[in-house]
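Required output: the full structure, derived from the provided sequences and hints.
As given, the protein sequences belong to chains A and B, one line each in that order. First residue of the first sequence? That's 0 in numbering that gives the first Met the number 0, and the numbers climb one at a time after it. First residue of the second sequence? That's 0 in numbering that gives the first Met the number 0, and the numbers climb one at a time after it.
Keep in mind that a hint or two might mislead.
Restricting the straight-line Cα-Cα distance to at most 16 Å, the calculated cross-link-like pairs of lysine to aspartate or glutamate (EDC-like) are [unchecked claim]:
#1 A/K272 with A/D249
#2 A/K205 with B/D35
#3 B/K181 with B/E228
#4 A/K275 with A/D249
#5 A/K203 with B/D84
Derived coverage of chain A by chain B (criterion: at least 3 residues anywhere in the stretch with Cβ under 8 Å from a Cβ of chain B; other residues may be distant) [what the hints assert, rightly or not]:
#6 83-90
#7 335-348
In short, the hints are calculated from the structure, not lab data. Glycine residues also receive a C-beta, built at the ideal position from the N, C-alpha and C atoms.
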Amino acid sequence: MSKVLMKGNEAIGEAAIRAGCLNYFAYPITPQSEVAEYLSRRMPEVGGVFLQGESEVAVSYMIFGAAACGERVFTTSSSPGISLMSEGVSYIVGAQCPAVFVNIMRGGPGLGGILPSQADYLQATKGIGHGDCRLLVMVPASVQEAVEMVMMAFPLAEKYRNPVMILGDGLIGQMMEPVTFPDHLKTPPSNKNDWATNGMDTRKSKTRNLVKSLYLDPEALNAHNLRLKAKYDRMREEEIRYETYNTDTDYQILIVSYGTMSRVCQSAIDTLKAKKIEVALVRPQNVFPFPEQAVLEAASKSSCRHVLSVEMSMGQMIEDIQRSVQGKRPVHWYGKCGGDVPTPEEVMEAVEKLIPA
Amino acid sequence: MAKTFSRPKCLSEQETRYCPGCTHGIIHRLVAEAIDDLQISGRTVGIAPVGCAVLCYNYFTFDFQEAAHGRAPAMATGIKRVRPDLIVFTYQGDGDLASIGMGEIVHAANRGEKFTTVFVNNTVYGMTGGQMAPTTMPNQKTTTSPFGRNVEEVGMPIRVAELLASLATPAYISRQAAISPKYIVRAKKAIRQAFQYQVEKRCFSFVEVISTCPTNWGMTPADALKWAEKTMIPYYPLGDLKTPESVKEE
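The structure is reproduced here in structure tokens:
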């Protein structure tokens with residue numbers, strides 16, 4: 000299919016349809032309301048479901064109800080809205096239903112601001128809901144990658160019977176870039192009859208299905224949590240995704256950065272190369288599971304002296320990097336979290352501070 | 000001799016764990032009878048609340064989902080929108096529906112979502128141990144209103160059926176009671192009617208059922224029935240408050 004120029008938010012909506020998801024529930028919030036506006040027109044064209052819920056809390060349960068029927072379903076929101084949805088996310092994880100949540104992050108805490116941010120990293124990767132609750136978290140760095148991740152997210156959610164989150168900074172939603180919608184990423188829905196509450200007649204069964212997260216017996220709850228842990232462990236085995244940049248040089252500094260911020264870092268790395276300063280980049284494409292081994296290996300290269308976490312948050316991913324590097328190199332932080340994206344010059348300055356004169 | 004009375008087919012053989020004198024068991028039976036009568040159990044999905052009825056899926060034999068506190072109407076909306084062919088009902092208590100879930104029930108009703116809600120009003124939070132609910136009667140003592148509900152501080156009990164009936168969207172809104180045989184016969188008819196409207200894809204349907212909680216009211220089951228009749232029925236009048244036909248006549 001040919002390339003089209005699309006705004007990120009609209010491309011995300013279209014990608015879900017192309018992935019075979021025809022059910023969308025949402026509540027408006029800047030900077031991602033264009034997804035709902037786009038799908039309110041587009042879903043009727045394809046015979047899909049569009050519903051604007053009364054709150055993000057309600058939306059998270061509309062998603063739960065639809066997901067429990069085994070139907071592909073997704074929502075989009077932004078940081079404060081995701082906080083409200085986090086109750087429902089925990090129930091969906093507990094009840095082992097597949098669903099896709101997109102967070103186009105804005106500044107926080109509280110109302111914060113409406114400009115781009117990456118400040119929900121810890122929420123998405125460590126604290127998305129109460130209980131032992133984890134999501135597969137994908138972090139696109141371009142509109143094209145957002146499209147591909149949305150399309151990949153549905154089969155992954157079904158593979159694990161667990162929600163998947165697309166964690167994009169505000170720029171991913173707001174910028175326009177050329178995109179294609181790869182046909183090969185359109186997948187058939189998985190078999191759901193063994194668990195979904197889609198009506199006994201639908202699956203021609205005399206046995207009823209139950210979708211629940213309550214286990215009052217302590218042994219049963221522990222066993223349930225061990226089953227969930229096994230899924231998270233399997234994600235750690237099978238869903239590590241990252242890219243590297245300039246790692247074949249004798250770099251002194253390793254940057255770890257994701258999303259739009261990683262593209263700024265690439266520009267800084269190119270400019271520094273011209274100044275004979277070699278810097279490498281590890282760009283996680285999934286942040287849960289985190290590419291610990293890739294970061295450790297890159298940091299362990301003998302030429303590497305320092306590791307720098309560059310994030311549009313006040314030192315959140317740095318904790319995963321420190322854990323990965325295991326004290327072998329000092330890990331530093333540079334970032335901004337007010338809505339301004341750091342410039343390549345500011346990243347270069349942060350890098351040069353680490354290099355002895 | 001012909002068998003004239005038996006367990007509804009979609010009511011399981013599991014013994015209920017409700018307290019002596021609780022009317023949940025009766026209301027479950029009325030729901031099961033309606034579903035059997037309409038022959039819809041194979042396409043029914045029930046939604047259990049948080050509260051005493053959280054385990055109500057153990058007592059039915061068709062598909063069930065378990066909601067978070069108050070969120071059952073949002074879940075029912077999700078199901079009904081993606082699978083309009085399924086028959087969906089929520090079964091909720093007064094803490095669940097009238098307090099934490101007030102937003103969800105009002106908006107689902109106002110959108111005219113074509114599912115059914117059975118709302119059991121016994122004036123208290125039962126499972127958590129008898130705390131005050133939005134439906135607790137004036138001066139009624141509960142574990143969080145030990146001197147009686149002070150309406151100066153917390154207002155009057157909410158009449159949910161009247162509140163929902165005030166919405167302009169067509170709906171079936173009824174209030175019934177499960178506290179004596181004559182009321183139960185009427186409640187059975189209303190619950191059957193509520194499901195019938197859903198089968199016909201007509202409207203949102205809602206039946207509030209006045210119930211008792213002898214354990215948390217600190218009464219014998221017999222006294223609880225008398226108290227409900229004397230105290231609740233005058234404040235929560237019974238009958239159909241709204242039908243889709245009545246809206247058209249306006």
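Here is how each hint holds up against the structure:
no., hint, in the structure
1, A/K272 with A/D249, "holds (11 Å)"
2, A/K205 with B/D35, "holds (15 Å)"
3, B/K181 with B/E228, "holds (12 Å)"
4, A/K275 with A/D249, "holds (11 Å)"
5, A/K203 with B/D84, "holds (15 Å)"
6, 83-90, "holds (count 3)"
7, 335-348, "violated (count 0)"
In the structure shown, a violation is registered for the earlier hint numbered 7 alone.
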